[in-house]
Amino acid sequence: MVRLLDDYRILDSAYKHGITDAEIAYVLSDKNATRRVYDLHDDDDGNAQDMFVAHTGTRPWPIEVGVSYRPDEDVVFHASRISIEYEKLYKEEV
Amino acid sequence: MTEEVKSSMSPEDRARRRAALGKTASEKIAKSEQLNFRLEEKSIKQLQAVALQKGVPIGSMVREWVLERLSEEELGKDGTPGKALQMLIDLSHNLDRFLRKERSTLHTDSTNYTIYSHGDATHENSFSNPFAKKFEGHSTVSSVDTAFTLCSGHSFFLTCIDRARRLQSCVRKNSLFKLS
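Line by line, the protein sequences give chains A and B.
Per the working numbering, the first sequence starts with residue 1, numbered consecutively.
Per the working numbering, the second sequence starts with residue 1001, numbered consecutively.
Be careful, since some hints might not be right.
Counterexamples of contact, computed for chain A against chain B with all Cβ distances above 10 Å [to be verified]:
1) F77
2) R81
3) K91
For lysine-lysine, the following DSS-like pairs were computed, each having C-alpha atoms within a straight-line distance of at most 25 Å [what the hints assert, rightly or not]:
4) A:K31 - B:K1023
5) A:K31 - A:K88
6) A:K31 - B:K1028
7) B:K1031 - A:K31
8) A:K16 - B:K1028
9) B:K1054 - B:K1042
10) A:K91 - A:K31
11) B:K1006 - A:K88
12) A:K88 - A:K16
Source of the hints: derived by calculation from the structure; they are not laboratory data.
Ideal Cβ placement from N, Cα and C applies to all residues, glycine included.
Just chain B, with the same shape it has in the complex (with noise of 0.2 Å):
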């Protein structure tokens, strides 16, 4: 197999051919608007936990999953901050609006962010802020570092903690913050 091949056909043909083959396939692949993949046993009873729990069935929800993580490995890719930035300040808008609901007031500096509950001057939640110096020497670093700081705190926000992270993951690597 590693000796050359005799063909009838050129080089160049066969290549045309492989990269039209390719391409059905895939197209193939997209029409059927299904995938299938391998998962070990006990991944598979996680899931089918989770989804019970929820109330959901297994597909919708790691379908639901997978379109999320989709639009976050978009973030950035067209080299613009907007959308990365828009998501980060549309979290901490509906944390502004929990606060509000609650009753509670939120301080921050750059390292550490402060709960306070019914305006009263005793602090329920302190946490440091995990992102501050991450971003540091950056352009946008203010309005990022209080978007993610903004979303971290009351355990209700926890999955805004956690897909800010994974914003955070996907903007570094697609390398927005080099724009500053």
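Looking at chain A on its own, in the form it has when it is part of the complex (with noise of 0.2 Å):
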């Protein structure tokens, strides 16, 4: 039985590009729109991770947030603009 949280923490290495934590939110967040979910493969300790890509409204490009869901959080691992590879992706269905 997966375990539901109600909360995610954001490492430091998704800080890296200079997006907020808000944007990160907005991301996230399943009231956005134009948010759009592809899976990745599993992490090396096994964890699930998903790459989720939306507009924000606070910049000109998409951003996309990695997202790995371990035990016992959902963490964050990584947010930066949208790259080469899901821009593709991510024009196709938004």
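Could you fit the two chains together into a complex? Lean on the hints.
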């Protein structure tokens, strides 16, 4: 049975590209109609990972946010301007 | 990325985690009581000028605009015209009070309205009624039409006109008048 958590943790690595806490929340938010989610391969510890992509209204481009679903917490390990790989996918959908 | 991704987590569990994470993020945003958005330099300068002219902080002014618009977006969503009509009736009462204070009277028919000053027969303003035809055929046409009509005219009520027009837009969008 999967544990549903009421918070997530943002790792320092997610701040490397200048994306803010608020922007990360906008990307992850289920109230953001521009949000798309793509499956990533599991991390080295076997935790499932997702890449969230969305417009936030704060930048002229979409933002991608990587999340790892650990047993006891959801962890944001990456946040940046949308990368070329996801840009193509995202453009096709939004 | 488009290929099938193997994962130790079942698709159902992944969907549940995604949903929970999305909800948590939305709640965080709401709890922060702050919203950030990008606006062009030109627009920000316009906002600064308007706020300065009004003597209020930009944030307060924009917040008021947003709240006003939100209340309009809610109109008719519950399937009843009550709130929308009440707002229009309030506007018409305001205009009535204004006209009494100015000792003016207002004559209206289906396409025009005229404001008479100080009881004499010379009209000082006469405008076509842009709303008359739009609500034709609806049972609520008379009250809404009158309310819209009453909200036109003096410059004092220009904001009322603007509000009424936006109300009309919201009301129509939310299919309020399909209830007739």
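Taking the hints in turn, this is what the structure says about them:
Here F77 of chain A stays apart from chain B, with its beta-carbon at least about 13 Å from theirs, past the 10 Å limit. For R81 of chain A, the requirement that its beta carbon stay farther than 10 Å from each beta carbon of chain B is met, with the minimum near 14 Å. Every CB of chain B lies more than 10 Å from the CB of K91 of chain A, the least distance being 14 Å, so the non-interface label holds. Under the criterion of a C-alpha separation no larger than 25 Å, the hint pairing K31 of chain A with K1023 of chain B is consistent with the structure, at around 8 Å.
Between K31 of chain A and K88 of chain A the CA atoms are separated by roughly 23 Å; this keeps the pair inside 25 Å, and the hint holds. A hinted pair counts as satisfied when its Cα atoms are at most 25 Å apart, and K31 of chain A with K1028 of chain B qualifies at roughly 12 Å. A C-alpha spacing of about 14 Å is found between K1031 of chain B and K31 of chain A, which places the hinted pair at or below 25 Å, so the restraint holds. A threshold of 25 Å between alpha carbons decides the hint, and for K16 of chain A with K1028 of chain B the separation of about 22 Å falls inside it, so the pair holds.
Restraint check for K1054 of chain B and K1042 of chain B: satisfied, since their Cα atoms lie roughly 19 Å apart, inside the 25 Å limit. Proximity of K91 of chain A to K31 of chain A is assessed by CA-CA distance (about 19 Å); at most 25 Å being required, the pair is judged to hold. A C-alpha spacing of about 22 Å is found between K1006 of chain B and K88 of chain A, which places the hinted pair at or below 25 Å, so the restraint holds. The straight-line distance between the Cα atoms of K88 of chain A and K16 of chain A is roughly 23 Å, inside the 25 Å bound, and the hint therefore holds.
The structure fails none of the hints (numbered hints given earlier).
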